[in-house]
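Engineer: Chains as they are written, first to last, in numbering that gives the first Met the number 0: chain A, 0 to 401; chain B, 0 to 442.
Keep in mind that the hints were calculated from the coordinates and are not lab data. As the structure is a computational prediction, the values presented were derived from the model and not from experiment. Any given hint could turn out to be false.
What the hints assert, rightly or not - Calculated cross-link-like contacts (lysine-lysine; reagent style DSS-like; alpha-carbon spacing at most 30 Å):
1) A:Lys181 <-> A:Lys66
2) B:Lys111 <-> A:Lys66
3) B:Lys12 <-> A:Lys308
4) A:Lys66 <-> B:Lys116
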Amino acid sequence: MQFAPILSALRRHRLATALIAFEIALACAVLCNACFLIVQQLRALHVESGVAESSLAVINLGCDDCKGADLNARVTTALRAVPGVQSVAVVNAAPFAQPTGYAGISLDREHFIAVPHFYAGGPGAAETLGLQLMAGRAFQADDFQTAESWLPQNTSVWVTRAFAQRLWPGQDPLGKEFWSDKYHFRVIGVLAHLTPPDPGGGHGDSAGEWSVFAPMLPGDSLHGVYVLRASAIDLPRVLREARVAAQRAAPEAVLDLQQSRTLPELRADFFRQTRVMVGTLAGVIVALLLVTALGIVGLASFWVQQRRKQIGIRRAMGATRGDILHYFQTENFLIVSAGIAIGIVMTFALNLLLMKFYEVPRLPVYYLLAGAVVLWALGQLSVLAPAMRAANVPPVVATRSV
Amino acid sequence: MRYNLMLAWHGLKRFPRSTVLAVVTVAMGLAATMTTLALLHQLTADPLPGRSSHLYLAWVDTVRAKPTQNQSLNGITVDQRHRIKLRDAEELLHDHRATWQAPMASVFTQFKSDGDKPRKGSDYLLATTSEFLPMLGVSLRSGRSWTPAEDQAHAPVVVIDSEMAVSLYGTTDVLGREFHLGHGVFRIIGVSAPFAPQPHFYDLASFTFGNLRRDQAFVPLRSLLDAGVDLAGDDGCDVDSPKPKTLFTSDPMYCASVSYWVDLPDRAKASDFLAYLQRYLDNQQALVGAGHARPAQLTRVDAWLSQQNVVPDNVRLNAWLAGSFLLLCMANVAGLLAARFLRRSAEIGIRRALGAPQRAIFQQHVFEAAMICLLGGFLALPLTLFGLWTLRLQDSGFTDLATLDPAMFGALFALAFAVGIITGWLPAWRASRIEPGLQVKSA
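Please work from the sequences and hints to get the whole structure.
Structural biologist: Put into structure tokens, the structure is as follows:
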């Protein structure tokens, strides 16, 4: 295929060619960056909670003047009596529910180095949640102590693997210590996963899976939030009955309906905005590809109509249908390639802009490659119909005047 | 010019397929842009038109403690401190240097109605002083607001809004009835219209946007504290403050836990007030002899909102995305137009040869482009309304504000027109440069 005649033909349509190339460039920039954002959001959507999500539900009671121990006793008894409930435990928070335990910690009692979320759970909480211990030991009865406020003064805790890596890179975290204000913690176990209640929310992107799980006896500083486990199929019914049972057991407390849900519901709710964002971005991408394709089709059809006579002459001079088809395909390939060349610059410029304002990481190069391939394919696909029409122009057209 | 308009109209009709294509493309770009812009417009609107230009947040740092640093970790910015201690608020209230002034804090708490079978609820209510209602222009449906004397006397009175009255008592005729808060019994002295400025600028720490969340009742601050209800949070406490009952409560006398808003009629008064605040702060420092205080601050509503960055990031991001999509549509349409105009080279050549100036050719083609884009604007209107409707279906706290007000309705057509002119400019210029002689010959 010879490029020279194509290029000279394009030179006669500089403006339209340039505009389409610019459109391809813009499409390339938006496409790559939007896809990148989608992948980022999807990664956030699929965060591992580290608990047995599908069979867990939360009951959240607010009560300003209740005695913690009394409330816990009444409510846990009532919840255990609900048919289908396998176990019940008192916790301070659950993944995707309201966060309550963010606190800054230090390794030397002086310099704060991170803000993890502290989960606190009564006896049986770890088992009810279904936490997976990777290393270390389970809690024993004497690990559970009462606390006057927040947590016990000295607590043996579990931390997530990710958080242990952050605090003690490359070392065995078992037996290590850290402080938060006057509270002292010793690591006795490492969890594979346990997400903070609001993964990625509010506490900075770097704070990935930074969670601590602390055992304590339920009482004045641990009451009101209950996690219950039932089989996944039974869960919706169990939750309905548990809500009624909890309200009946503690009529003076207010049941928080927003927070008293199954974990799958809480998760869906927590990520609603992210899903909307993914939907919007996907919509933009589809609309963008559609418009670009329509633009190419429109312009190519126009040119085919305009060049009917020239095509007829070429055919009369012995050019095959394939030659004509290839001519338009090559022309499209050249325009799209030019667009992609400009697009590469624009893509990175847009990425830099996003990095500056929206905490987006740098765009990996393979997104550009994928974007280019998609645009080339799109170009070839959209030019196909007009090019076929061109190939079907009969040679006899050459003999007619106009 | 009329002739050129007519020619443009004929031009449109000559290639109906590509005209439809261009109109649809423009409409899609316009609709996407307008949907996101309308939401952005609502979110950045003035929360209290006519009032917010003279409302200021006053802040003095008198907390005697090391600045807490655990907030600055994980990449969060510090210095979001904006609340003051109740002790200072009372001094400032006593001096009464502004037209209106009131300390305030939104509190999420439980409450119940009177009677044998009281109805219970828990929601936000606003703890403040007597001048809040006139300062922010909360309108009363019936009854009255409380007086400074009642503030002084810690009178247990409350103003609730009409919707809360209906949900708790079943009627708005509730004056004189009892309202239970904490361990106190409050008498209802006024019923207000629901008050929900967007955003909830005077206490962003509690919540920002949403028609559903609002302060449902107004309670004198001191009476609420007397009833044992705690204020929500604080920006730090004195080192020597008494030990709190539990971890999450704090004593507002020692902890910075109220926002202090003042109404100042003009800039001169505002700078006087700032000077007064600084003097107040200097005297305090002499009193306690603590170091590292920051200067007093007075922040107007607009500055406050931009400082707090209340508009959600993804709303802005979507607006940018939609904008680049519109640009893409424009490039697309411009390409189509260029091809279509140049196809008419022969006619243009004849018009030019017959004496039409370049300007006329240019005008004709710009008109044609503008017409396409205005048609696109008409088509974009239902699309935009549809887009906003789908946005409202997503319940993410602020999307219920997604509506098209008259200003944005006008903006849609202005944008369509502008897009038409810009899109048509280049192709029309190119068409007007066609050499008449060459074209006439080849035709």
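Engineer: Starting from the hint list further up, note which numbers the structure goes against and sort them upward.
Structural biologist: No hint contradicted; all consistent.
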